[in-house]
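S.K.: Could you build the full structure based on these sequences and the hints that come with them?
Sequential numbering from 5 applies to the sequence shown in the numbering used here.
Keep in mind that the hints are not guaranteed to be accurate.
Across the chosen pairs, the derived CB separations fall in these ranges [as the list claims (entries may be wrong)]:
1. 9 to 53: 41 to 47 Å
2. 26 to 75: 16 to 22 Å
3. 6 to 67: 51 to 57 Å
4. 82 to 49: 51 to 57 Å
5. 11 to 58: 27 to 33 Å
6. 5 to 50: 27 to 33 Å
7. 36 to 13: 31 to 37 Å
8. 29 to 80: 31 to 37 Å
9. 39 to 63: 39 to 45 Å
10. 46 to 7: 53 to 59 Å
11. 74 to 47: 18 to 24 Å
12. 74 to 28: 16 to 22 Å
13. 51 to 77: 37 to 43 Å
Once the Cα atoms are required to be at most 35 Å apart in a straight line, the calculated DSBU-like pairs of lysine-lysine come out as [said to hold, decoys possible]:
14. 83 to 36
15. 69 to 9
16. 82 to 70
17. 83 to 9
18. 70 to 21
19. 83 to 70
Think of the hints as simulated: they come from the structure by calculation, not from any bench.
Every residue gets a Cβ at the ideal spot worked out from N, C-alpha and C, and that includes glycine.
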Amino acid sequence: MFKDKVLNEITVSLRDKILIIENELNILSDEKNNITKSSAGDKFETSRSTMQIEYDKLNNQLIQKKNQLKKIELLDTKKKI
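M.R.: See the structure below:
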């Protein structure tokens, strides 16, 4: 019973984090697509590069959280340790 509750809390927490990261990725993607190229081309390229780095970082976190969630969901709570 205790293991079930703990695993449920972990699952809920991971799902919340996944939703937050997905939302941040969507916002960042929209911002990246809405940047307009100004006369200062270097500033534009630097901004896009910075956003791409942040996007990649968030995407890696998303993959990690989804993998953690899969592992948690596969655990057998009936098995005695």
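S.K.: Take the hints in turn and mark each one as holding or not.
M.R.: Here is how each hint holds up against the structure:
1. Checking the proposed 41 to 47 Å range against residue 9 and residue 53 shows it holds: the Cβ atoms sit about 45 Å from each other.
2. For the pair residue 26 and residue 75, the supplied restraint of 16 to 22 Å holds, since their beta-carbon distance comes to about 19 Å.
3. Restraint check, residue 6 to residue 67: a C-beta distance of roughly 30 Å breaks the suggested window 51 to 57 Å.
4. Residue 82 and residue 49 have their C-beta atoms about 55 Å apart, which keeps the hinted 51 to 57 Å range intact.
5. Taking 27 to 33 Å as the suggested C-beta distance range, the pair residue 11 and residue 58 conforms, at roughly 31 Å.
6. Distance hint for residue 5 and residue 50: a CB-CB separation of about 54 Å, inconsistent with the stated range 27 to 33 Å.
7. Taking 31 to 37 Å as the suggested C-beta distance range, the pair residue 36 and residue 13 conforms, at roughly 35 Å.
8. Between residue 29 and residue 80 the Cβ separation comes to about 32 Å, which falls inside the hinted range of 31 to 37 Å.
9. Taking the beta carbon of each, residue 39 and residue 63 are about 19 Å apart, not inside 39 to 45 Å as hinted.
10. A hinted range of 53 to 59 Å holds for the C-beta pair residue 46 and residue 7, which are about 55 Å apart.
11. In this structure the hint that residue 74 and residue 47 lie 18 to 24 Å apart at CB is violated, the actual value being about 41 Å.
12. The hint said 16 to 22 Å for the Cβ distance between residue 74 and residue 28, and at roughly 21 Å that hint holds.
13. Against the hinted window of 37 to 43 Å, the Cβ-Cβ separation of residue 51 and residue 77 comes to about 39 Å, which satisfies the hint.
14. A distance of roughly 48 Å separates the Cα atoms of residue 83 and residue 36; the hinted pair therefore is violated under the 35 Å criterion.
15. In summary, the hint linking residue 69 to residue 9 is supported, as the alpha carbons are separated by about 19 Å, within the 35 Å threshold.
16. Distance hint between residue 82 and residue 70 is fulfilled; the C-alpha atoms sit about 23 Å from each other, no more than 35 Å.
17. For the proposed pair residue 83 and residue 9, the alpha carbon gap of about 15 Å is at most 35 Å, so the pair holds.
18. Pair hint residue 70 plus residue 21 holds up; C-alpha atoms about 10 Å apart against a cutoff of 35 Å.
19. A hinted pair counts as satisfied when its Cα atoms are at most 35 Å apart, and residue 83 with residue 70 qualifies at roughly 23 Å.
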